[in-house]
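Taken in order, these protein sequences are the chains called A and B. If you read the first sequence in this note's numbering, its first letter stands for residue 52, the second for the next number, and so on. If you read the second sequence in this note's numbering, its first letter stands for residue 161, the second for the next number, and so on.
Everything labelled a hint here was simulated from the structure, so no lab data went into it. C-beta atoms are modelled at their ideal positions from N, C-alpha and C, and glycine is treated no differently. Keep in mind that the hints are not guaranteed to be accurate.
[Unchecked claim] The calculated label-pair distances, taken between Cβ atoms and stated as ranges, are:
| id | chain 1 | residue 1 | chain 2 | residue 2 | range |
| --- | --- | --- | --- | --- | --- |
| 1 | B | ARG173 | A | ALA88 | 38 to 46 Å |
| 2 | A | LYS62 | B | PRO675 | 43 to 51 Å |
| 3 | A | ARG114 | B | ALA613 | 55 to 63 Å |
[To be verified] If you want the footprint, here are the derived chain B segments under chain A, 3+ residues with CB under 8 Å:
| id | segment |
| --- | --- |
| 4 | 332–343 |
| 5 | 493–499 |
| 6 | 643–649 |
| 7 | 661–674 |
Residue-level listing of the chains:
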Amino acid sequence: MTQTTDKNIAKLSIKLLGLVVVMFAFAMWVMPPLYNALCEVLGINGKTGQQYTVVDSQIDTNRTVKVQFVAQNNEAMPWKFAPNTSQVEVHPGESAHVTYYAKNTQDRYMVSQAIPSIVPSRAAEYFHKTECFCFNQQPLAAGADADLALQFIVDRDLPEDIHVITLSYTIFDVTEMAAKQDSVAAASK
Amino acid sequence: MGAHHGPAKGLTRWLFTTNHKDIGTMYLWFSFAMFLLGGSFAMIIRAELFQPGLQIVQPEFFNQMTTMHGLVMVFGAIMPAFVGLANWMIPLMIGAPDMALPRMNNWSFWILPPTFLLLASTLLMDGGGPNFGWTFYAPLSTTYAPPSVTFFIFAVHAMGISSIMGSINIIATVVNMRAPGMTYMKMPMFVWTWLITAFLLVAVMPVLAGAVTMMLMDIHFGTSFFSAAGGGDPVLFQHVFWFFGHPEVYIIILPAFGVVSEVIPTFSRKPLFGYDSMVYATSSIAFLSFIVWAHHMYTVGMPIAGELFFMYATMLIAVPTAAKVFNWVTTMFKGSITLETPMLFAIAKVFLFTVGGFSGLMLAIAPADFQYHDSYFVVAHFHYTMVAGAIFALSSAVYYWIPKWTGKMYNETMGKTHFWISFIGFNLTFFPQHFVGLAGMPRRIPDYNLMFADFNMMSSIGAFIYGSSQLLFLFNIVRTITHGKPVTDAKVWEGGTTLEWTVPTPAPYHTFTTPPEVK
Ligand code: HEM
Ligand SMILES: [Cu+2]
Chain A
52 MTQTTDKNIA KLSIKLLGLV VVMFAFAMWV MPPLYNALCE VLGINGKTGQ
102 QYTVVDSQID TNRTVKVQFV AQNNEAMPWK FAPNTSQVEV HPGESAHVTY
152 YAKNTQDRYM VSQAIPSIVP SRAAEYFHKT ECFCFNQQPL AAGADADLAL
202 QFIVDRDLPE DIHVITLSYT IFDVTEMAAK QDSVAAASK
Chain B
161 MGAHHGPAKG LTRWLFTTNH KDIGTMYLWF SFAMFLLGGS FAMIIRAELF
211 QPGLQIVQPE FFNQMTTMHG LVMVFGAIMP AFVGLANWMI PLMIGAPDMA
261 LPRMNNWSFW ILPPTFLLLA STLLMDGGGP NFGWTFYAPL STTYAPPSVT
311 FFIFAVHAMG ISSIMGSINI IATVVNMRAP GMTYMKMPMF VWTWLITAFL
361 LVAVMPVLAG AVTMMLMDIH FGTSFFSAAG GGDPVLFQHV FWFFGHPEVY
411 IIILPAFGVV SEVIPTFSRK PLFGYDSMVY ATSSIAFLSF IVWAHHMYTV
461 GMPIAGELFF MYATMLIAVP TAAKVFNWVT TMFKGSITLE TPMLFAIAKV
511 FLFTVGGFSG LMLAIAPADF QYHDSYFVVA HFHYTMVAGA IFALSSAVYY
561 WIPKWTGKMY NETMGKTHFW ISFIGFNLTF FPQHFVGLAG MPRRIPDYNL
611 MFADFNMMSS IGAFIYGSSQ LLFLFNIVRT ITHGKPVTDA KVWEGGTTLE
661 WTVPTPAPYH TFTTPPEVK
């Protein structure tokens, strides 16, 4: 084998190794955020956005939208969890406030996380939450209960044909996950 | 380093060898061992499914069997077997003295045996081995996984590293070490398909590594890539997995296309029809394979535009694939065909792979797939493509090249017997699965409705037939090596035109130390 062939082989191998690194990085650090961004921009996963700050407060009194509330427990979650109001009627642009009831039925401290989902998923990008218990993990002491607050505005640009929006929360037990995150955070300090 | 020394003696020859033929041989034997291991898992599955009800194993163990069967067959049997063929044949076909990176070559092989030993040992661990299917969907493989999942993740990383090193080696060899005059468009088709496969591997094995790394973080470090509770999404796992997984199925099939593109011209005594179009078809299949992954996910709740895009893109792949089938058939047209064992396997591969392509087209139709998805119809589809498509091609390759490797001729009667038993056993196993699938039998279950009983019994009988025919294959190979009739012609098959038929038979330990001149 000649010297130049050896050099070419080394050069090519390094380039290919570069491609390997790029593809690994793509899978780890590009695909997950890209997936979330796409879901949010296209409003496809029924996922609602993060906390919303009100830009203008005009109310469209010509329309009324029915908003229904649903609660579900993830299979491993023993808490009692239900909406205090099952349905409200709002005008687009109007701010509304409701609460969910949660009770830790176990005799140990637990941490929960509620994950929202909207039907029809097209409505997700027009459903703004100005305050929501789903923005944070909710801890409850053994046997304790609480009313969890949700404040929202339905956007005035909500497509005309949508008259009913169903908001569903699934509550998960994240006690272990929260403990792990704490210990990882502590370890990295 | 003297160029003409023979192989070292004893065990160290195999441990430290950098010779492409030695390494190819080890890959082939290793993959055959994995084929038997994965096959024995399949026998357990089919024995349990012989009759409805639970007879032999518990559902938990059944799940471990379907998972391990898939993993061992895909990553332990098919992929290493093709890498073994690449090692043996690519240098011989392009007139190179060895692979470009011989030391790394040794490494890429020797990673595999401990890796698969580790993977197999998970079956004995507390909580059992992987039980979440070879596609290891989260959260089954994260939140609900047995503790051995960490070893599984480590094994997948190791296999990935081995495949990536092997592919870099193949690309470096093909790009840099072709004999003078061997332009790209003169390369044998097998070399072309492997070059493209190697690029696919380099591109998607890291994505698989990414997927299992995210699993590892979710399990042990409190992240939530795939956990809805922490703001992640299990559907993301499926996207990442299939972004790897669909190209992976072409990684499995393209080298098989390469094999039949060598075998069919040889036994038709005609050059391959449409060589250029074969190259373009292979490249476009490889390109398209990156944009169809979500056809495995029609039922996750994609928006309609997504369903349509992936449906049409998937159907588009059938076009270059059909072009290849057309070329193989046209190569045979008016050829002077003889039906030696390699040719039988090659023709059967083309025919049965086409059946698998058709069921693939049915699955590609998004609205129809809502019925077929996760049913035995999918199982039938991918066994037609992977067993008939890839493993038949591997059998063909072994019969085709074994005289060159060993200098001995295999027993033709035994070869043909192996073929016919395989052919009948295979179809008996998998053809009825189309019907039970369409009638609603779900995949990956240890028990089933009584109405599926007859077809399942046929499937099981077929599987035992197909399985035992592989022992005949093993016997024939061993017998060839020990008692085969010596062959001395460089050109073992009169129709052979590629460079490997210009070196002496058996191929000496070192070949093409001075490059041949290609006109
Ligand atoms: C004409 C070409 C092909 C088309 C249109 C096609 C289409 C499809 C579709 C739509 C599915 C998803 C079915 C479902 O889960 O509901 C599927 C599954 C599958 N295909 Fe193909 N396919 C083709 C060729 C191949 C080839 C060449 C291979 C491998 C050598 C292959 C291997 C598989 C495997 C392994 C699965 C199932 C994966 C799993 O869920 O475990 N296919 N195919
Ligand atoms: Cu696919």
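Hints violated by the structure (listed by number, smallest first): Violated: hints 1, 2, 5, 6, 7.
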